[in-house]
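Novice: Please build the complete structure, drawing on both the sequences and the hints.
There are 2 protein chains.
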Amino acid sequence: MSRTKGEESKRKLLQVAEELFAKKGYQSTKISEIVANAGLTQAAFYLYFKSKEDIFQQMLEDFDQQLIYLSDVGKKAVELSPKDVKSYVTNMFIQLFTVLGKNPNLTKIALQHATDSDRIRKKIVEQIANNMSNNQRFGIVKEEIDTWIAAESIVAVTERLVNRYLLTREKTEEELGEQVAQMFLSGILNHLKSGD
Amino acid sequence: MSRTKGEESKRKLLQVAEELFAKKGYQSTKISEIVANAGLTQAAFYLYFKSKEDIFQQMLEDFDQQLIYLSDVGKKAVELSPKDVKSYVTNMFIQLFTVLGKNPNLTKIALQHATDSDRIRKKIVEQIANNMSNNQRFGIVKEEIDTWIAAESIVAVTERLVNRYLLTREKTEEELGEQVAQMFLSGILNHLKSGD
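Note that the protein sequences, when read in sequence, are chains A and B. For the first sequence, the residue numbers in this note's numbering are 1101 to 1296. For the second sequence, the residue numbers in this note's numbering are 1101 to 1296.
What the hints contain is simulated information worked out from the structure, not anything from laboratory work. One should not assume that every hint holds.
Copies of the same chain are indistinguishable here, so a pair counts whether it falls within one copy or spans any two.
PhoX-like, lysine-lysine: derived pairs with alpha carbons at most 25 Å apart [what the hints assert, rightly or not]:
hint : residue 1 : residue 2
1    : 1222      : 1208
2    : 1183      : 1242
3    : 1242      : 1186
4    : 1271      : 1223
5    : 1123      : 1202
6    : 1271      : 1242
Specialist: Printed below as a string of structure tokens:
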């Protein structure tokens, strides 16, 4: 995939800004430092962003979109054969931890900004709960599960494990994804005979 | 059970202090208000506590002891018949939510004081992980479970559900305890045939 020069500059600015925000904090970072570190001009910056606030918001929105996409995994469950649901969900957990681990600076920023993280958390919880409720009607999710409690729990565990084990590099994305799947899936999904 | 007058006064001071700290914050609460609201004298206060800091610390320590006791549930697992483990653990989760829900002010204080909650959280996680590792050797906990990840996850879920559903009174202690058990136990415990 080739990127245009403009896309490349924009991506570079976002990446440098992310590093500086995480290292020095949002307040102490100047646009002049972002452009200097990116090897670009102030004029180039203003081609893509209105302000420092704007680049920060775009950065968080891109990140949020990835998280929302990955946590929408439940939507696909109805299209899968029952025996594939578990491995599909496990892989999506691994991908989720991969995105969070690949962008440690952004993950730190996102988890630290309570207002932003509350907004995105709420949306993700709602999406997981709605998908689970739908899957419950199809018999994929156990009848006795309160889908809102389960959704809150999954998000809480993901956040805690990111902070505790992923950002510290004590565990890999695979280990965390597999453990989360191992802990939750037998309790939440109906055990369907393989081959069903 | 009869309490001595001294025990009764101390308990009353702790209870009033808890209410005032939660309502007005620790900083804004004066010892004079605590004693006035408890219908006691300053002299009585200083019989039991050295300072405002001291009553606060004693309050948190009592609370911590209860939480530590209840989260030590795994220790008993080896003494139970396999089919009783699940209901035993479920009941302890319900009791844990009951203690947290019965002391909403203290729970709010404890969850808000990051330093204290980190200290107690660490201890509880360690205790659960150690009990689980021991139970793993007895075949009660599944071989493939990373007991530290599981312990962190259980604590994270408990905290989140307390904040989100218990303190808001949207769910009962029983609902939360049963859901936590439902979600986690099939993934963590080995399925032993009933009657084993």
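Novice: What label fits residue 1271 with residue 1242 when the C-alpha limit is 25 Å: within, between, both, or neither?
Specialist: between (30 Å within a copy, 19 Å between copies)
Novice: Within a copy, between copies, both or neither: which one fits residue 1183 and residue 1242 at a CA-CA cutoff of 25 Å?
Specialist: This pair counts as both: shortest intra-copy Cα distance 15 Å, inter-copy 21 Å.
Novice: As a check of your reading, is residue 1271 near residue 1223 (CA-CA no more than 25 Å) within one copy, between copies, both or neither?
Specialist: For residue 1271 and residue 1223, only the inter-copy Cα distance (21 Å) is at most 25 Å; the intra-copy one is 27 Å.
Novice: As a check of your reading, is residue 1242 near residue 1186 (CA-CA no more than 25 Å) within one copy, between copies, both or neither?
Specialist: For residue 1242 and residue 1186, both the intra-copy (14 Å) and inter-copy (18 Å) Cα distances are at most 25 Å.
Novice: Should residue 1222 paired with residue 1208 be assigned to within, between, both, or neither, using CA atoms and 25 Å as the limit?
Specialist: The answer is both: 18 Å in one copy and 21 Å across copies each meet 25 Å.
Novice: When no copy is specified for residue 1123 and residue 1202, does a C-alpha distance of 25 Å or less occur within a copy, between copies, both, or neither?
Specialist: Intra 16 Å, inter 42 Å, cutoff 25 Å: intra-copy only.
In summary, the structure agrees with every hint in the numbered list given earlier.
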